[in-house]
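Chemist: Quick one: dock chain against chain with the hints and give me the complex.
Just so you know, the protein sequences line up as chains Y and B, in that order.
Using the working numbering, read the first sequence as starting at 30 and increasing by one per residue.
Using the working numbering, read the second sequence as starting at 35 and increasing by one per residue.
Honestly, the hints are just simulated from the structure, not real lab data.
Ideal placement from N, C-alpha and C gives every residue a C-beta, glycine not left out.
Take a look, some chain Y residues computed to stay more than 12 Å from chain B by CB distance:
{"id": "1", "residue": "60"}
{"id": "2", "residue": "187"}
{"id": "3", "residue": "192"}
{"id": "4", "residue": "209"}
{"id": "5", "residue": "224"}
{"id": "6", "residue": "362"}
{"id": "7", "residue": "385"}
{"id": "8", "residue": "671"}
{"id": "9", "residue": "672"}
Incomplete in silico selection of chain B near chain Y, CB under 10 Å:
{"id": "10", "residue": "121"}
{"id": "11", "residue": "137"}
{"id": "12", "residue": "246"}
{"id": "13", "residue": "263"}
{"id": "14", "residue": "266"}
{"id": "15", "residue": "267"}
{"id": "16", "residue": "400"}
{"id": "17", "residue": "432"}
{"id": "18", "residue": "475"}
{"id": "19", "residue": "487"}
{"id": "20", "residue": "509"}
{"id": "21", "residue": "537"}
{"id": "22", "residue": "556"}
{"id": "23", "residue": "610"}
{"id": "24", "residue": "629"}
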Amino acid sequence: MTVAGRTSRDVLIRGIRILGYAIRDEPWVFTVAVAGSVLYSLLIVASAYVVGAVVGTVVVPAFERGEAELGTVLLGAGALLAVSLGRVLGMVGRRIGAGYMQYRLQARYRRRVTRRYLELPLAWHHRHATGALLSHANSDVEAAWFPIAPLPFAVGTLVMLAAALVSLVVTDWVLALVGIAVFPALFTLNVVYSRRMAPRQARAQQMRAQVSAIAHESFDGALVVKTMGQEARETARFAAQAGELRDALIAVGRLRGLFDPMLETLPGLGTLAVLVVGAVRLGQGAVGITELVGVAFLFTVLAFPVRAIGWVLAELPRSVAGWDRLQTVLTASGEMPYGEVTLDADPGRPATLVFDRVSFSYPAGTQPAPATASGDPAPPTAEPAAPVPAPAPPEAVATGAPEPVGTPVLHEVSFTVPAGRTVALVGPTGSGKSTIASLAVRLVDPDAGTVTLDGVDLRSLTADSLATATALVPQVPFVFDDTIRENVTLGRPGITDDDVWAALRLAEADGFVAALPDGLDTVVGERGAALSGGQRQRLTLARALAGRPRLLVLDDATSAVDPRVEAAILAGLRGGRASHDAPVAATGDGRAPAASTPHGPAAPTSILVVAYRRATIALADEVVYVEHGRVVGRGTHHTLLETTPGYAALVTAYERAEAERQRERDAERSEVGA
Amino acid sequence: MTTTASRATAAASPRESTWRTVRRGLALSPELRTGLAGTLGLAVVSMAGRAAVPVAIQQGVDRGLRAPGGPNLDVVAAVVATTAAVLVVTTLCGYLMMRRLFTVSETALANVRVRAFRHVHNLSTLHQQAERRGSLVSRVTSDVDQITQFLQWGGVILLISLGQVVVTTVVMLVYSWQLTLVVFAAFAPAVVVIRLFQRRLAAAYGLVRQRLGAMLAAISESVVGAPVIRAYGVAGRTAARLDRTIDEQRRAQQRAIRISVTSFSTGEIAAGLALAGVVLLGVRLGVGGAIGIGELTAFLFLVTLFIQPVQIATEVLNEAQNAVAGWRRVLDVLDVVPDVADPGEQGVDLPPGPIDVRFVDVCYRYPDGPPVLVDVSVEIPAKSRVAVVGETGSGKTTFAKLLTRLMDPTAGQVLLSGVPLDRVRFASLRSRVVMVPQDGFLFDTTVAENIRFARPELTDEELEHALDELGLGDWVAGLPAGLATPVGERGEALSVGERQLVALARAYVADPDLLVLDEATSAVDPATEVRLQRTLDAVTRGRTTVTIAHRLSTAQAADEVIVVDRGRIVQRGPHEELVRDADSVYGLLYASWLEQTR
Ligand SMILES: Nc1ncnc2c1ncn2[C@@H]1O[C@H](COP(=O)(O)OP(=O)(O)OP(=O)(O)O)[C@@H](O)[C@H]1O
Ligand SMILES: Nc1ncnc2c1ncn2[C@@H]1O[C@H](COP(=O)(O)OP(=O)(O)OP(=O)(O)O)[C@@H](O)[C@H]1O
Ligand SMILES: [Mg+2]
Ligand SMILES: [Mg+2]
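Here chain B stands alone, though its shape is the one from the complex (with noise of 0.2 Å):
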């Protein structure tokens, strides 16, 4: 249904050419053009160090050591010694380009991380659901360190080869166009051939970063799911899961090598064909007495040294595809368009006061799904506490999450105060409107530093206040840490009652004036429940709370009960006057509910 069908949103780009990629990267990351002429200046002269080393050779046998005269070990002195200069010298390039490298592309990715990372949280939380968590997360961390891995290694060796061949190209002019052109015409087939793989390479790496964000999100699963998977005894078969996940990846990164080494051999053997054609070539200019043997056999040399970078080049470029994979993937993120967007600069802010709420004749589906709210309209006035019972899966949830615009309607318009929802800026609606979902999910932190989640500014004192206000005060005292206790991931070092007791507590301090509990008590025992709903209505008094509950007493003590059933409001008032058609949907909820608690 709706997951697998809109999973396909933040999935791999159709195709999209390399250089695309790269250049919206670089369009993403303009930080990373910064000192780029300083850092490729560099780059050439810590190459040039390279030549250096056989040009001293070169240069102290023909002159020193073949010199006329004997041995002339002055000219050798000197030729080491201006050599060792240059060394030094390209040393220090070396390390300042390669610094200045590091630290730009490093300060670049890490902005990328937070970027995608902040969009993540911009999207819609059915765009969220739509991929999973590991997954994501693969995306702010894996593939990213994929395109560092490739800057430090691949990007500098990437400038030097490049630099080499362009300095070889020119020398090569110089000794022998006519040869210089056998050898290039030696590699155009390979560059076509090249370029072909480079496509299917581009496509096999962005199999393996898609098998990897698999395989974490398969393996985040088995590692939430841990109690279940002991308690049923199914390590096995799970285990056996996870390892398919991770061939599977294997697979994918093994094909991608197979066609890496394969465009790469065809490199070499253009390596191969460029020789045996310079000298094909060579031999008969030479008889055409065009060429001299000296500069025949230094073209071939100098041949040699255009094969390596060339040849180098292509390797690096091969790596290229999997970086450029991982920064596809974190550029589609990007591109997901929230669905559910913050109004921003043209949206308005809440009236201030208390809030009401008006539903005009909205419809949801989730995508690919049946309908689930069918023309709800609803009013609920400003001040009021309404509970909204009905049966599991008749759409509360739902009607929840569009009345804080975590979605929106298919069709009809959610109005808050008379100003309709979408128009409200994110950060009025959120510090105004403040819901407890079903699932409460708590942070791996202290109980304080939950309960201020939204309040960072709160000193304990204030917290301990609020807690009082609502009746916990004890409850916190009780704990082994008191404020300080750690609640552990998802709050799992707490009992699920008392991580509802956070949850509450946490968007009671949030001080909003729509309040909309989701179950924000199902796990609460039944005295507590009681108690917290008094303290709550009391110092809720003034706002507006809407309460889904399946515990009717929350609908006993609300103003006005709200009935769904599959998708359409059949009943709504006081529950005085619902429960006198006994043959109502409420009628025979409530009848049930009795039945259970007496």
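In isolation and in its complexed conformation, chain Y is listed as follows (with noise of 0.2 Å):
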């Protein structure tokens, strides 16, 4: 408890710091919502002294003359009116102003949540489910903004204590130090709750997020959950983190329950007590009958508005957790920075890709309690975040300095893929070949060794000249939920129609997508669920060879494709079209233009490919082949067939396969025979 005990103990002062942030966030915003709230409280007072006027110019005369004066009557129920309107405009702009400033602060720190998810390394994504990084878009940004509501109220609700405290100061001072006393014991019932508040609402936050992520996760294997009936299996696991988070609210409403109703009384005991005083000191001839009763109406009044204060003070320690984790996503160390180097913009030139023996590993760490998602950085107890945001674990990749600990996945890698020409990967399942592919696009840095485009470090490249001379097919297509132009063209500027019909026709994707309703335009659904896996695969071929590229690195871009399809596609790429029937012809409707594409064959280009299969290593020039992140041959397919045994016994599997099958087959039929 000591930690935590320490740590609680400010968790009013730094709530009041992070209501500082807002208000220095939304000044203006917020000047007009006080500015309202105090036009609002003023009045509340002020009417009881309008009514007070009224009947004691308007009604007592009246009664006593036994006639009323229509004017003064009206005259009476207008002020009134008009009181109640002034309080209107002060409540429009109170409410308003604040709902706007809460809703501006929730928006604009989901921008800056969101901008880091961008700006961080992949390495960090991977340490982070995904249903996790969205609640802190949602429930943290919700949890740090939620007394922003009631804030503007509270602070107008200072100035007319102010002014009370004021009159209460010149009607008696022994009067008013009774009422001052007030204030200090709300303040500490207020410490006390918020500092065993602040634990729970720490794990309350804690599990909103691991119940998002589970959702998110079980929902993104829908299909698998649903293949092996594992439903009730899912249920049962999502529902014993409802249930934690279930107990979690159920432990923040009973401390709510407990403090609520006695801060809600307090200021009522402080009436009370006001009342025997003034008794007292009404007994001494100190205070006037008058002012006594003046006193105590002004308590009854006030007591609604001081519990806004304590609204904004009970939320306080939500807002802290909600706020810590929020800091543990913005102060993250680790996204990669670029360099300033730009490459010669020259398009039509393939550019050189060098390895020098560049050695990676997998950040460790990733580890998850068996059985259980992991997905949160916070610690696994009750406790609250540390007063300071405590930054994630120190991120290796920030600093460029190796990772200490890790799962060593490349060494000592060296190949070169000179300009224009086209190496292909190979290499066993698992051996290192995706780790290489996004090396060499830099969605990763390497440990050790430099990876080079044109001579020139990727990591001093801007990311502008780097996305634009590179291009990854990854080895799992991923499309967005958006239709087939946008997935080609990722917005990236100067890709006109003709040029994503272009790529979709290199990619032999023209035929299918012509063939949808609205072609260009349809829209694909979340990972393009509305595509085959092998449609899915060829959109982000096309969305590669749209960009020209000057580097192309396809990751086993064609392992959902059929053989023929594939064939097609890498005599395209090879830039001789010209070889093969075209499976698919694009409709007649003119949406697909069947003339040639505008810009002719693909553009001389750089490939690095992964691949198995021989016809596409046979179109590459040199073949790099590796074996648990080593490169252990180097050379052409032929050379490399006699020289490395690994290499031989991966692309003639088929083959010996398929002798062994007819073998086995003869067998039998000598076997039947005899």
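Modeler: Structure (structure tokens):
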């Protein structure tokens, strides 16, 4: 409890500081809201006086005289109405101001958080479940700015309180002391409250994130859940987590149930104290009866607004919990800084890629607890986060220093893709091919060694020149829930519809796109749900080709494509598309221009291709064979066949299998014959 | 196409009234009513505490301080002591009330979460795809949170305020029924206006919830697609799109609060009218002698006491619209009737033993799409190993999905062991028929946990044994932590081929009688694949396997090949037979396969 005790002691202070940030971020809206609130509060007090005045100057004389003077009565009624209208004005200013402030802050921090998601490296993403990241952007942002809604009201109330206290002091200083004494009591109670609330709120937010993480993962894997009939077990897993969230929320609720009524009763007790002390003072002749009644009335009027301050204070622990969790994202280090160097923009010229003794290991520490979704960086205990938002564990990627521990995946990998050449990367499952591919386009940085493009270290290139020079077709195609056109262009400037069609044609995707009801405007569903596996793959291929990269990295990009289509695509990439009969023709409705591509065959490109099929390998000028993260053979297909047994075993596997089957079949036949 | 069209299925139901939503919600969670009477009773008592202090002051001043014989401290002391006691009791009641309320509501809402979650899994794949993950997630997270938040704040306040309104109304009536009528007359138009606004507000908050879902979906996509966004340098554009969804949500919120405030000011204006009206009529009545000054003064303060809770209640009702909007989204998802439903009790179990498959004139089209499978009739004998081949997009995956009843055919029938598929109980179907889908998905846990996904009771030893049978023992031993190696989210800490190995092992240990492999080894290296195929053949002998593959090595090894072309089965038979016709679809496929592999 020592750590938690120390850290939660200043929850109130920290919460108030967070409110300060909010005011700093939205000063104008806040000013409007507070102005409205002050107007409202003053008019609430004023309305009591106005009612008194109307009674004194209109009602009493009328009653006494036994007749009403219409003008005066109307004036009195009008005054009451006017005060009400003024209150409406103040209320509108306050409520709209508070709402706008809250929503603007939420939006601002959602933008900040999502911006960080885009900046942080893949290594960071690997450590955080998507559902938990959603929870940061959703419920943590909400929690952080929860106290904003009652804030202007509370600040307005403070003004009112100050006025009330002044009038109290003027009336009688002893009474004033009693009145003031209520505030330290309120504050102390709030301190105790938030100290006990802070860990519970932190836990509730953490449970929210985990519920979100499980839901996201489970819906993401819904197909597997369904095909294996594990709905009940998944539900049980979710229910367990939802149960923990429920318990956390009930714990929050109970504490609130304990303190809320107390916080509400306290001003009432103060009023009673004023009454007692007032009576004594009255007996001493220190105050007059009218003043005393006035003070007592003031206290009743104030009781309600004072609760607004309580609301703000009561929500601060939650706000702090949300804020701390946001800070883990906002202050996470490790974005990959880009350099300043731009490559001379000559899209027609292929680039040279050089791997020089590149080593790489994936950071360790992604170990999830067995059987539960990991997903959350916060400690599993109920303790609140550290006072100063604890940055996520230091990330080596940031400093460029090698990861101390981790799974080494590549060891001193060196090879070259000369300009305009095709290099095939071959290796058994898990040997590190995809890792090499992601290093080649700088999705990750090497721990040691360098990757250079045209002699420039990738790390010193600008983001733009890197993105325009290289293109990766990942092994698992990722398709956005957007139109075909947007999926191909990704909003990159200068890609016309003709370019899109040309790229689709090159990727052998024009046929099916043309057959779609809305052509390029067809929306393909989340992750391309409305497309077949091969169609998705070809769409991502077209995406890469549309940018006319100078270095194209194909990571097993044709695995879901049938042999005939693959042959066509590869032929197209080589620039000689004539050699095959297109399996699918564009429909004649004119959406797919039937003429040849506007810029002829594919622009010459350096290609690094991960492949198993012989035909693909045959296209390569050089083959790099990797095993266990090491380059164990380089050369042409034929040299490798002879010099590298692993390679030979890999690429001739089908033939040998077929031969074996043939032998078995012959053996069977001869047995039957015998 | 389908997604855009069927996305409407789970969208907000057309303008349902707030009451109806609440009634439906309560019907769904009868737990919410447990002990409601007790909670209400406690609420009324704790509300009385709030009235205690003003009463005490009035009594203390009138009977103590202004006592005829000068200030009477004893009376003051008595009043204060009584009130303090009342406050203690009401505070206690407040605590008990909130405790009950929170426990009941959180328990009920946790159940709602779980039920909605389960229902999402009960929906067919097509329905699931109709909505983005992020948005689905919001239906079991923040939409439910909205209800909680309301119940914890608004619920209590609403209860207390309503109690206060009732009490004040009674007291007002005691003082003067005419003036009470004035007050009600002033509020009557406001009530009408507020009701009107409530409807608009409901729609506005519905939009807020929907926009939130859209925003979360966009964020989810940008997180999952992070590598592509980075590789193509489109972070700027992605950020711009995210900003757009974020701002759209903000605008929806701002619109809602504008409506809410407008509605609220009507109440405030009504309050002013009521006060003014009471003064006008009160003076008239007073002049006529029907009412005294004291009574009128008291009444004016009573009006203030009446206005306050009415306004608070209005405010809470406005807030309620937000909660109701969330509730509605949860209920809406529960209302979607699963179109591929478990026959449950009425269903039958698959007969024991190997399974044979029969497709009778099966047609399929995705909603709003062209026909994808046309008049498919095929028989797959029990224990046979069948390969399904065909061009990209020819309908192979669709065939597999119909075979495993992820979807129902638009026409025709699928029979397993002679039983129409839609009559087979899911418990039986899912344990006997397992498909390894094209994109293998792994859960963010260890290799072992993933493999025993369908058979949690298996021990590590049994897993190791199964992996050895598949010839994957060495591979697992080579992983950093063996079976305990974490696979990362969606399996991303493994290579793609390794993920497929895990997915395959997972299906194998599930021990099905009909195994459907959709490109299950497309990313595995040829040597491993060939080995795996051979071991798989050996260990699955005696079961029916249907394998979809682009690598024709699979077809060569199969007993029979089914060739799909543009949604029709155009050829079937053993490989040797089919290749004889070099100009057939299969002949051409094989020729290009040969060309590529040697
Ligand atoms: N994010 C990660 N964290 C930890 N280890 C990883 C991660 N990604 C890959 N690995 C490991 O690194 C090794 C190389 O993976 P990589 O994806 O580069 O293989 P690959 O050659 O592309 O295999 P495949 O042919 O199956 O695609 C594998 O052993 C894998 O388990
Ligand atoms: N959810 C969907 N909604 C609409 N159309 C779909 C959907 N899923 C698939 N399709 C379409 O149905 C056709 C057949 O798809 P299917 O996935 O069955 O092909 P496939 O033979 O498995 O192809 P591949 O070899 O590329 O995996 C394709 O044209 C595809 O675009
Ligand atoms: Mg790979
Ligand atoms: Mg498929």
